[in-house]
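Chains A and B, in that order, are what the protein sequence lines are. The first sequence begins at 5 in my numbering and counts up one residue at a time. The second sequence begins at 250 in my numbering and counts up one residue at a time.
Everything labelled a hint here was simulated from the structure, so no lab data went into it. A few of these clues could be false.
Just so you have them, the derived chain B footprint on chain A, three or more residues with Cβ under 8 Å [to be verified]:
| id | stretch |
| --- | --- |
| 1 | 49-63 |
| 2 | 134-145 |
| 3 | 155-168 |
| 4 | 181-188 |
| 5 | 271-277 |
Label pairs and their in silico Cβ distance ranges [unchecked claim]:
| id | chain 1 | residue 1 | chain 2 | residue 2 | range |
| --- | --- | --- | --- | --- | --- |
| 6 | B | SER591 | A | VAL75 | 44 to 50 Å |
| 7 | A | VAL64 | B | TYR746 | 21 to 27 Å |
| 8 | B | ASN327 | A | VAL75 | 31 to 37 Å |
| 9 | A | LEU291 | B | GLN333 | 29 to 35 Å |
| 10 | B | THR729 | A | VAL292 | 30 to 36 Å |
| 11 | A | LEU291 | B | SER726 | 30 to 36 Å |
| 12 | B | GLU733 | A | PRO223 | 53 to 59 Å |
| 13 | B | GLN333 | A | TYR43 | 51 to 57 Å |
| 14 | B | THR737 | A | TYR44 | 26 to 32 Å |
| 15 | B | ALA628 | A | TYR43 | 55 to 61 Å |
| 16 | A | GLY67 | B | TYR746 | 29 to 35 Å |
| 17 | A | LEU149 | B | THR737 | 47 to 53 Å |
From a predicted model like this one, the values you see are computed outputs, not experimental measurements. Glycine is no exception: its CB is placed at the ideal position from the N, C-alpha and C atoms.
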Amino acid sequence: MTMTYVQSLRRRWRPRYRLRAVLVVLLLPSLLLIGIFSYYPAVRSLIGGFYQWNGFSPPVYDGIEQFKQYVQAPNFSTEVKNIAILTGGAILITLVSQFTAAEIVMHMPPRAASVAKYILVLPIVLPPLVLIEVWAYLFQPGSGLLDKVFGSVGLAQPTWLSDPHLALVSILLIGFPWISNLGFLIFLGGLQNLPKDVLDAGRLDGLSAVRRVFAIDIPLLLPQFRIVVILSGIYAVQNFVPILLLTNGGPGTATLVPGLDMYQSAFSNDQYGYGMAIGTLLFVVMLVFTLVAMRLLRSRTA
Amino acid sequence: MRRTPVFIAAALLASTAIAACSSGGSSSGGSSGSVTIKAELPPNTGAISAADNAGLKQLTGQYEAAHKGVTVQWLPNNTASITQANATLESQASGGSAPDLVWEQYGPVTSGALPNGLLQNIKPFLEKPNPYVPGNSSWLSLFTASTVPYMTSQNGDIDIILGSNVETGMFYSKAAFAKAGISATPTTWAEFIADLGKLKAAGVTPIMFADGGLCNPSWFERLATSSLLAGQVSQFDVNHAQVTNGLDVAVGIHKGIISMSNPRYAEVWKLLGQLASFSASGEASYDACSDPNSTTPPLSSQSLLVQGKVGVLWGGSWYIPQLDSAGFSGKYGVFPEPPITSDSTPLGLGTSTVGMIGGPNGNGQWGVTSQQADSSMDAAKTATVMNFVAWLFTPQHLGNWIKINQAGADIPTETGAPAVNLPGLSSLVPSGKVGTVVDVVLDDVLSTAATNSGLRLVQEYIDGQLPFSSFSTQWQSLLTSSAEQYATTNHVNLGSY
Numbered sequence: 005m006t007m008t009y010v011q012s013l014r015r016r017w018r019p020r021y022r023l024r025a026v027l028v029v030l031l032l033p034s035l036l037l038i039g040i041f042s043y044y045p046a047v048r049s050l051i052g053g054f055y056q057w058n059g060f061s062p063p064v065y066d067g068i069e070q071f072k073q074y075v076q077a078p079n080f081s082t083e084v085k086n087i088a089i090l091t092g093g094a095i096l097i098t099l100v101s102q103f104t105a106a107e108i109v110m111h112m113p114p115r116a117a118s119v120a121k122y123i124l125v126l127p128i129v130l131p132p133l134v135l136i137e138v139w140a141y142l143f144q145p146g147s148g149l150l151d152k153v154f155g156s157v158g159l160a161q162p163t164w165l166s167d168p169h170l171a172l173v174s175i176l177l178i179g180f181p182w183i184s185n186l187g188f189l190i191f192l193g194g195l196q197n198l199p200k201d202v203l204d205a206g207r208l209d210g211l212s213a214v215r216r217v218f219a220i221d222i223p224l225l226l227p228q229f230r231i232v233v234i235l236s237g238i239y240a241v242q243n244f245v246p247i248l249l250l251t252n253g254g255p256g257t258a259t260l261v262p263g264l265d266m267y268q269s270a271f272s273n274d275q276y277g278y279g280m281a282i283g284t285l286l287f288v289v290m291l292v293f294t295l296v297a298m299r300l301l302r303s304r305t306a
Numbered sequence: 250m251r252r253t254p255v256f257i258a259a260a261l262l263a264s265t266a267i268a269a270c271s272s273g274g275s276s277s278g279g280s281s282g283s284v285t286i287k288a289e290l291p292p293n294t295g296a297i298s299a300a301d302n303a304g305l306k307q308l309t310g311q312y313e314a315a316h317k318g319v320t321v322q323w324l325p326n327n328t329a330s331i332t333q334a335n336a337t338l339e340s341q342a343s344g345g346s347a348p349d350l351v352w353e354q355y356g357p358v359t360s361g362a363l364p365n366g367l368l369q370n371i372k373p374f375l376e377k378p379n380p381y382v383p384g385n386s387s388w389l390s391l392f393t394a395s396t397v398p399y400m401t402s403q404n405g406d407i408d409i410i411l412g413s414n415v416e417t418g419m420f421y422s423k424a425a426f427a428k429a430g431i432s433a434t435p436t437t438w439a440e441f442i443a444d445l446g447k448l449k450a451a452g453v454t455p456i457m458f459a460d461g462g463l464c465n466p467s468w469f470e471r472l473a474t475s476s477l478l479a480g481q482v483s484q485f486d487v488n489h490a491q492v493t494n495g496l497d498v499a500v501g502i503h504k505g506i507i508s509m510s511n512p513r514y515a516e517v518w519k520l521l522g523q524l525a526s527f528s529a530s531g532e533a534s535y536d537a538c539s540d541p542n543s544t545t546p547p548l549s550s551q552s553l554l555v556q557g558k559v560g561v562l563w564g565g566s567w568y569i570p571q572l573d574s575a576g577f578s579g580k581y582g583v584f585p586e587p588p589i590t591s592d593s594t595p596l597g598l599g600t601s602t603v604g605m606i607g608g609p610n611g612n613g614q615w616g617v618t619s620q621q622a623d624s625s626m627d628a629a630k631t632a633t634v635m636n637f638v639a640w641l642f643t644p645q646h647l648g649n650w651i652k653i654n655q656a657g658a659d660i661p662t663e664t665g666a667p668a669v670n671l672p673g674l675s676s677l678v679p680s681g682k683v684g685t686v687v688d689v690v691l692d693d694v695l696s697t698a699a700t701n702s703g704l705r706l707v708q709e710y711i712d713g714q715l716p717f718s719s720f721s722t723q724w725q726s727l728l729t730s731s732a733e734q735y736a737t738t739n740h741v742n743l744g745s746y
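Excised from the complex, chain B in its bound form (with noise of 0.2 Å):
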């Protein structure tokens, strides 16, 4: 008799662990009556109260206030990268245990490299009206014609929404170019390089450009790879969207067209090496997207070109508030990238890259997790959060917490929406329709894997480690790697395009 309390407490104490050990963190469902709706914030905003999600707040307590029963609750995302996010997303989606509205990156969306399943299709929502816009015959139509491509996922679903663009530009320094007698900004490519020489004859260290992150690198291989392939492109774009997918960039390497042997091709890497030349040292120290407040590397860059350490940066538009932020303001200026002509490579073709750096910023954009990711959805809670995003996708909404969040710094993506026009701005922004966006490998579009493996090559083609021969072989063979593992991954037969 003794015996039996000591195995009901080894049974107690077993099935406690056992249970806390089980338990997942599913979100609370709304079989009740009453829907709570778990929301990611936009990364590295801090909590719903934070300065930055000010906007974002005061529309869901607007939301909530409207629509008794559905409470929000905001989970702050602390990312310091697009790989980190998929791979928190994963862990969580694994369990069941994913929110309900995530952040997500388009481009792992799009291009499939995110897991298939994981994120529901919310066309049929975007196909019918917002319900907050009178009037509005298809939420949709509200997007700006650049940014519906960016949206769309290889097979036309829709898995991601976005809500503002940033724009990319060279920005100098005023004092720098004055320093080196350079009296107008470039118009081409050739131009940027010889006022890069003018700098550095004047002993102004000419730029930096910033490898520690993906940002510079994998903005010069889509300016780069774009302009030089804008005669090709269409050999190997099957998906007909504003930017190559990954089934196009598998296809490209598959028919040859996206291969060192292709002298198109391999120009753009020559012309890296050509402004690389041209770079501060320590490019791996930094990173043009890292934040300014940044102490752990990569750090960012802006504070060289603030200290007269540098001419030039490659930023974004979140460069301008920073930088008047950092007492720069009025000293420098910004221009766009210029357009490849036949004055740097006889391969040149002149074709305008305003616009085609730029795009979908992280600033707003998100995904409705599918069931088996998040154990909490369902039919109707998934019609309860596409409303909530419908709120938040107003035009005049979208507009007014997007310049709350960033300044200003973003471009909401619906046409109507509110924002402000800072100096500079505008000549960032493309004036008409932007060519084809040729993605490679440093921006996910075949995998992670085949990113993170290419930065570290274009690192040490840049550190001069490995010269253009060495690059060369190894970059083609990191191509056709990716893309068949691309084809196998995602069972498609490139020879059948």
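Here chain A stands alone, though its shape is the one from the complex (with noise of 0.2 Å):
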């Protein structure tokens, strides 16, 4: 009845494997739905910008035709003029607003900040299709509150959306004052944990408010900064929903973007082989931008 040495090791291991055998079963289904529903059409869809495809008919192989097609495109330097200026410019009004909302809470009276903090993250909630909706109203020309108010106070009623110079602002102008996102709470999560001694040494050096955020809080914030800067900047590509609804790329091309074109070329033109080419050259521009801004914006600190 003595234990061999064996034995006691097929003891000691067993339930570990056990356990790692049902982790594996348990992990299964979620890997292969993540497999089937995430990584297929990915792969899936890199590989069909080589292909023509209507949808419908076998695709044709086309070699990198479609891509050259797309940057050849007489709409290309117009779409990358608009999404540089929607993702510029929603990063910055993020960073702006965000970082701003997050350091005011922060130096509120405790009940205050509490309060605050309900009350802004609160419209996260809000599906994006009734604030797109909320803001057609706002731009509704002529009888839309903000030409409302225009209108009251004698200014000129602007048609917000098909002006083909007001269109683009426009759409940048959906969610003022563009508080209530994740990136509120990343500043604001990364402001209660900055170390309370660097903060203790600049009150102690007499820095004012001001010199405090660009001396501590925003060195020491830099990776929130980096993340915030990588999720609105592929959010502003990705998301040209909107657009879709608001002004469908138009009037003429003022808000065409590669995104919205890339929906419609599948969706609307039958061009699935087309729309698969330009979404990954949008891919491959993506992680492209995530590289440089992880590494402009790397932390300084050990």
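Hints are included, so try docking the two chains, each in its own frame, into the full complex.
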């Protein structure tokens, strides 16, 4: 009945082995579904860009022609310009508004801060389509709230979404004051976890609030800035829904962006292969953007 | 031994997931003696229980009572646009799960924009008598002469059946016309433009040329091109149908007739520039075909007319019940699009354009899916579906349900079908044969991609972002590339025509 060394080993390893097996089994459905619904479409999209496909007939291999076609398309430069403005604008207003809001809330009296936090965070649960619908009303020519306000003070009433010089700015305006977002929570969390000794040192040195923000808060929150820049940049590139619903890329090409072109090529024009080629290019651009942002905003502290 | 349940569980989970992912939504077939017809309702009419579909519901109930074993399952059709409807249908068809009777627009079907083989050729059924019309020799003979060409594809097949027409016209505010001293409606395009000038001089914004959607731009293209190219259409109308199709247009482009270097064709767009100069700003916010209750752009322009913000709107027969329900009854008039005569341009031919823009409407446009697109479809089920369609398209039935569905704003496509006589409607209906209608870019003739790009160019031209010369260059480029694409996709040698 003496336990051999091998038996002892089995007894020790068996529970861990069983646990792993159970974990694998539990994970399997999730992995399977993620594989089918996330990775397969992504890989299929990467491959699909090399094929002409109308969604019904058999795909025809076309090499890199569709990638070239997109880059040489008359609207390409307009789309690049528009998405650059939208992405740059979105990142800027996200950083400024959400960081500022987080700073203000952080330095409010605790009870007021708690209330303000809830008020600012609550709109996150609002479905984006509802927000767009609200802004559609605000932008309505003549009868919308913005035009009514402009009219009441004797100003000209702009046609927000159909004026080619205003349409892109109007798209950026959606969500004003742009606080109710994940970035606000990330910044707030970061500010709450700043090292107390550094803040105390700054206080002893007599730093003003503004100096403290630039000398302590921002440098120490670079990792948070990096996450917010990357997330808001990717979101701005991917999120063409407000444009689709409010301007459809118009008037003309005033609000046309690559994401919308991708969507319309595939689902309106039956050019699924071409749409996938645009999607692949977008993926590459976002990957480069992410790497550059991670490099530029890397933390300088140990 | 302990591991066995774990692997069984894993296998079960995996197979369940795979089964869930691979199962399609195929329609039930008729092999068991009972048939369920899955049919799409006219677009944006809600469920079959909605008031808009009361006529269809009533007829369906009668049909099911008379045909034991046949059930019709109507599917709501919430479609924002034709292109979206096409995309949805193609997506369903690629999985073999399209409904049996699908709503479609005739343009994409007859032009070949919709992939071949998705819908069945129903001409053999239409050439036989409609079984519900006593003494009928051919179902096709029940349709008005102008309707059949709209249903016919390039190869002579009929893949779509059309139930209703709408007509278009200029809706004007009587108060605005009175303020501008306009006592009679214009009879030529030149008079119309002059009247817009009078409205402007009287301080009234003359017109809203709504280019946020395709309606006004495509109507203008159809009107002016059909009129100005009336003397040249025979050179590229190889299909000899009522409306030019993709092949006709591609041939016209290849021959240089539909070309910005042809002064007659270029004049189309110069006239648009002239009309747009009288338009209120913010055109892209509006669409002449938007629902008046829409709150998301493009909005309906009808409120501008009702509120006195513009003097004229280019609308359709469906405006009549809508304007009436907005309390504008009696305060507006309507006149058909006046002909473009030599008073407008030396190239004007004075061709009547009444009825050229109107035509088949979304209410009652259906195609029967092929087995490739709908795995439940077979010959027996096709016959059952067409029998049900024949019931719906008995003239008396057709007139009744269209009247209920659209408050009389639509005109049935079959002779003998009852229609509502709404004031003003009769002036929009052509009294004689309509000339060949020339659709080029903005009506899904060559491709949806060309239509989308074309609308963008028109918007930029009207906005003033593109001067005529730049518009002309880009439009020509669009024409050329779209014709080449059409020829490639459809394996057509344009040089052989």
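To see whether the hints hold, each was checked on the structure:
| no. | hint | in the structure |
| --- | --- | --- |
| 1 | 49-63 | holds (count 4) |
| 2 | 134-145 | holds (count 7) |
| 3 | 155-168 | holds (count 5) |
| 4 | 181-188 | violated (count 0) |
| 5 | 271-277 | holds (count 5) |
| 6 | B:SER591 x A:VAL75: 44 to 50 Å | 47 Å, holds |
| 7 | A:VAL64 x B:TYR746: 21 to 27 Å | 25 Å, holds |
| 8 | B:ASN327 x A:VAL75: 31 to 37 Å | 36 Å, holds |
| 9 | A:LEU291 x B:GLN333: 29 to 35 Å | 31 Å, holds |
| 10 | B:THR729 x A:VAL292: 30 to 36 Å | 35 Å, holds |
| 11 | A:LEU291 x B:SER726: 30 to 36 Å | 33 Å, holds |
| 12 | B:GLU733 x A:PRO223: 53 to 59 Å | 58 Å, holds |
| 13 | B:GLN333 x A:TYR43: 51 to 57 Å | 28 Å, violated |
| 14 | B:THR737 x A:TYR44: 26 to 32 Å | 30 Å, holds |
| 15 | B:ALA628 x A:TYR43: 55 to 61 Å | 42 Å, violated |
| 16 | A:GLY67 x B:TYR746: 29 to 35 Å | 31 Å, holds |
| 17 | A:LEU149 x B:THR737: 47 to 53 Å | 50 Å, holds |
Violated hints for the displayed structure, listed by number in ascending order: 4, 13, 15.
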